Structure formats: structure tokens, C-alpha cells
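In case you want the letters, here they are:
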Amino acid sequence: MKRYIHLALFLSTATLLTNVACAQELTGTLKKIKDSGNIALGHRESSIPFSYYDDKQQVVGYSQELMLKVVDALKAELKLPALQTKLVPVTSQNRIPLVQNGTVDIECGSTTNNTERQKQVAFSNSIFAIGTRLLTRKDSGVRDFADLAGRNVVTTAGTTSERLIRKMNDDKKLNMSIISAKDHGESFLTLETGRAVAFMMDDALLYGELAKAKKPGDWIVTGTPQSLEAYGCMLRKDDAAFKKIVDAALAKAMTSGEAEKIYKKWFQSPIPPKGLNLNFPMSDDVAKLYKSPNDKAYD
Amino acid sequence: MGYHWNWQIFLSATPSGGDTYLGWMLAGLKMTVALSLAAWVLALLVGALMGVLRTVPSKALQRLAGAYVELFRNIPLLVQLFLWYFVLPELLPTAWGNAYKQINPVLQQFLAAWICLGLFTSARVCEQVRAGIESLPPGQKNAGLALGLTLPQTYRHVMLPMAARLVVPPLTSEFLNIFKNSAVCSTIGLLELAAQGRQLVDYTAQPYESFIAVTLMYVLINVVVMTLMHHVETHTRVPGYIGKR
Chain A
1 MKRYIHLALF
11 LSTATLLTNV
21 ACAQELTGTL
31 KKIKDSGNIA
41 LGHRESSIPF
51 SYYDDKQQVV
61 GYSQELMLKV
71 VDALKAELKL
81 PALQTKLVPV
91 TSQNRIPLVQ
101 NGTVDIECGS
111 TTNNTERQKQ
121 VAFSNSIFAI
131 GTRLLTRKDS
141 GVRDFADLAG
151 RNVVTTAGTT
161 SERLIRKMND
171 DKKLNMSIIS
181 AKDHGESFLT
191 LETGRAVAFM
201 MDDALLYGEL
211 AKAKKPGDWI
221 VTGTPQSLEA
231 YGCMLRKDDA
241 AFKKIVDAAL
251 AKAMTSGEAE
261 KIYKKWFQSP
271 IPPKGLNLNF
281 PMSDDVAKLY
291 KSPNDKAYD
Chain B
1 MGYHWNWQIF
11 LSATPSGGDT
21 YLGWMLAGLK
31 MTVALSLAAW
41 VLALLVGALM
51 GVLRTVPSKA
61 LQRLAGAYVE
71 LFRNIPLLVQ
81 LFLWYFVLPE
91 LLPTAWGNAY
101 KQINPVLQQF
111 LAAWICLGLF
121 TSARVCEQVR
131 AGIESLPPGQ
141 KNAGLALGLT
151 LPQTYRHVML
161 PMAARLVVPP
171 LTSEFLNIFK
181 NSAVCSTIGL
191 LELAAQGRQL
201 VDYTAQPYES
211 FIAVTLMYVL
221 INVVVMTLMH
231 HVETHTRVPG
241 YIGKR
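Protein chains in written order, with the numbering used here: chain A, 1 to 299; chain B, 1 to 245.
A couple of the hints might just be wrong.
[Unchecked claim] Looking from chain B toward chain A, a few residues come up when the C-beta cut is under 7 Å (computed):
| id | residue |
| --- | --- |
| 1 | Ala-95 |
| 2 | Ala-99 |
| 3 | Lys-101 |
| 4 | Ala-205 |
| 5 | Arg-237 |
Keep in mind that the hints were calculated from the coordinates and are not lab data.
Here the structure is a predicted model, which means the values were calculated and not measured.
Using N, Cα and C, we set each Cβ at its ideal position, and we do this for glycine too.
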């Protein structure tokens, strides 16, 4: 009898221990990070002020700082204080394939969260909200999208703005010539040299490009927003465990006031490369996000 | 890998322009072929002229052509493209520059790409033509001059016809190269085949299908060019002059 009790006790303890071991089993991205000891962070090269190279070629920005907060949370959660970060520059064209194929584990830049992209990747809690507007010279005579009829407009290839402006061109028969530049820096160069009369992009990025102009006072951001979009960090699809940690880290930063400090640092104080202050007050949409973090797409 | 293959995207409608994605690819193919053929014509004309100049007796003309070749061979193609597209309009007088920048953007891109590709390839064609002329026996030129032909006439009737037949194989390589180098012109926004491939990736998020299609179209172009040049070679060769046959 005693022997059977001992056997029963042994078996039940063994089962309990195995169960606990199964609960610790990591899957997907968390397993990859734990096994390799490093995480690949996707960032942008010239999406001022979200993710870009400053004049010392260091990656800085609002989204970059939030992504580093996520990395800190991962270090704590996975108990990997020596976790190495690998910075991988991405463009608006290759960011989705690079996340899908595993080259990049998480990308925090200026990527819009929308239902179409959710078919390919997953998004974290939204880190920002923008409207797509126009950047133009004060004396160009362009104040809204209707003024663009028959003129040259530049936008960045692979962005939601490119789709919107091409669709608008077809639907409203504005007969615009649309130039698709490689990245935001080149788009602004096209605008500044006079090849295009206006640059359509997310308003926060337009303010960022304005910061690089030779004479920022010559330019204004104008036009009714053609869409309201939420930025989120991109993750691989169907990886709930990783998404949970990322979302928790971002929610904590937003509700605790850390995100607001980061916002003030990048949107309301002098930033590299030229020390210009964007003076972009926090919009109601962003304030709402900070109060109740969520990962809903606006469309 | 978790990738979802979807070959139907080529037949699905694009969000703007009332076309299919396959239609976009074909438009890109048309642009590539048009740009490359136009650039090839420019390259042949300028390259042949420069190649001849490198072999004439006048040292000054030789050095001029030599400098031309060094200039266009030593600067990378992409840098040359940016110089033609971004820098040249800034160097023109302000009024001209502004007027130029207002013309149709696609035309601006095409012109910059055409000149850049044409002149870059012409430097290489020049060297091929020079090699072809110099490999002729010196007796050919001397015989032409002895018969009373002027030097231009000797080139036109005696030397160039033979030299051209000699250099058809290397020129085939240059012809193929020009189609592949045209992909570089996508960096200034010209919507040729490679750029349309990237557009497809953006709009459909299906990179593998898009780039497989782009690759197949480039292979198709290459096969057509090689077949064409093979016919040119067999129909223009002088029997018994080079090696077999």
C-alpha cells in the first residue's frame, strides 16, 4: 500500500512538473530571440521624426525610442539582460517582406496599420495617429487637393498616400502627374528643386521633412486630411505571445506618461539634424491613444 | 515559411488606373524595351564615331575620344544617372532650369535615362569598335589609300564593313547589358519593368510572384535579343574570314 502511495505521489508530482515545463515552452519570435540571443529591429532611414539617421549616423526618433522600451520589456520578460539588438534599415517597399521572412522581428517606424496589411502582418498597439496632407511652398497657390489639378505632385513609393493620390487622380479626373520617389528624403528633394508643386504624405512626416529645408519658413503643411491613419509596430502574424509582450510594453509607456515625454522630446523640442523644433502639438487622436492604447486600424 | 502563394494577383484589378497588375507589368516591359532600344541607337551612333576617332592619324582627335571613353567608363552608372537627372537642371540658367522642370515628369525621367544609358554604353561600344578596327590587317587601310580613296572613304567602304562583322559578338553582349542596366533607371522614378515589379510588391504584398514575373520578362527579352543577333551574325559573316566556315 505504502509503495502504491509513493508511486502515486511520484507520478502526480512528475505530471505537475511536466505541465509547468510545458507552460515555459517558447514559440515563434520569442523562441527565436531566446535561442539566438539577439533581436532584429527594423528602422527607417529618413522618416523624421519617427525613425531616422541623425547627423552622426545613429538611429534616433520617436518610434525608435518606443521600440527600445519594448526591447527593455523583452529583456525583463525573457530574463536576457544581455540581449543583443541588430538594427536593420528598411524601406517602405521592403518592410513587409522582411518582417514576413524573419529578417526583421519587429519594425517601429511610420508604418500605417490598415486592414489590408493585417492580412500579411500583425500590428502592435498604435503608437501614433496622422492625417495625410500636402507640403507646399507658401507662395505656390496650392491650399487644398483640388488646387493640384493638372500639376506635378510627388509622393513616396509604397505608401498609403501613393494609393490615395492615384485613386483621387482617377476618380476626380484631376490630371495630375504623380512622381513616386524612393523615400521621403528624395520626395522632398523633388519638391524643393521645383519638379513638383506639392508633396503628399502623413502630416507628421511632412513636418519632419520641413525640418530639413534650407528655409523652413517658406513651407506649409496644408489641405484637408484625405485619411486618418494609425501607426503601429509591425510583427509577424499569428504570434500572440510576442504581440502580448510588445502591446503590454507600449501600453505601459503610454499610460504611465513616458510616451508623452518622448512625444515632447521629438515633436516639441529641437531635434537633429538641424536642431529645428517641429512645434507639432499633440492631436486629440494621439491623446486618445495614450489614454486607451489599442491596435485598431482606422479603416 | 508561412507565405501564401497567389498567382491570381496578375489578373486582379489595380486600385487605380482601371488596369490589371499584369497590365502594369506589360507597361513596364514596354517602357524598358523603348528606353533600351532608343539608348542602343544613341550608343551605336556615338560609340562608332568615337571608336573611329580613336584610330585616326590625328593625335588630338585620338586623345579627345580617349578622354570621352575614360570619363564615361569610370563614373558608375547610377552616379551618372543622378547627375543627368538631378544636377543638370540645376546647372542650367534659372529660367531654363525651371521651365525644364515643369515639363511632364515621365518625359524628364525618360530623357535623363536615355542620355545616361546611351552615353554610358557608347563608351564601351567605342572600345569594341576600336578593337575591331585595330584587329584588321594594316594592309587593308594602306590598300584603300593606295587605290586613291580618301581616309573617310577607306573607313566607309573597306575598314568599317569588316570591323563591324568582327565585333558582332561583343556588341551582342553590350546590347544585352543595356537592357539589364535600364533597371537602374528605376531609381529616378521611371516606371520601367523593375520599378513596376516593386510597385506590384507594394500594392499586393506578394514579392515572390512579382519578382519571378519580372525575371521571366527579362529572360524573354534576352532570348529575343540573342536570337536576333545570332541571325545578324550568320547572315552578315564573310565566309572563310574568321576561323571556321
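Here is what the structure says about each hint:
Taken as an interface hint, Ala-95 of chain B does not check out: its beta carbon lies about 12 Å from the nearest beta carbon of chain A, beyond 7 Å. Taken as an interface hint, Ala-99 of chain B does not check out: its beta carbon lies about 10 Å from the nearest beta carbon of chain A, beyond 7 Å. Residue-level restraint check for Lys-101 of chain B holds (minimum Cβ-Cβ distance to chain A is 5 Å; threshold 7 Å). Nearest Cβ of chain A to the Cβ of Ala-205 of chain B: about 5 Å, under the 7 Å cut. The hint holds.
Annotation: interface hint on Arg-237 of chain B violated; nearest CB of chain A at approximately 45 Å, more than 7 Å.
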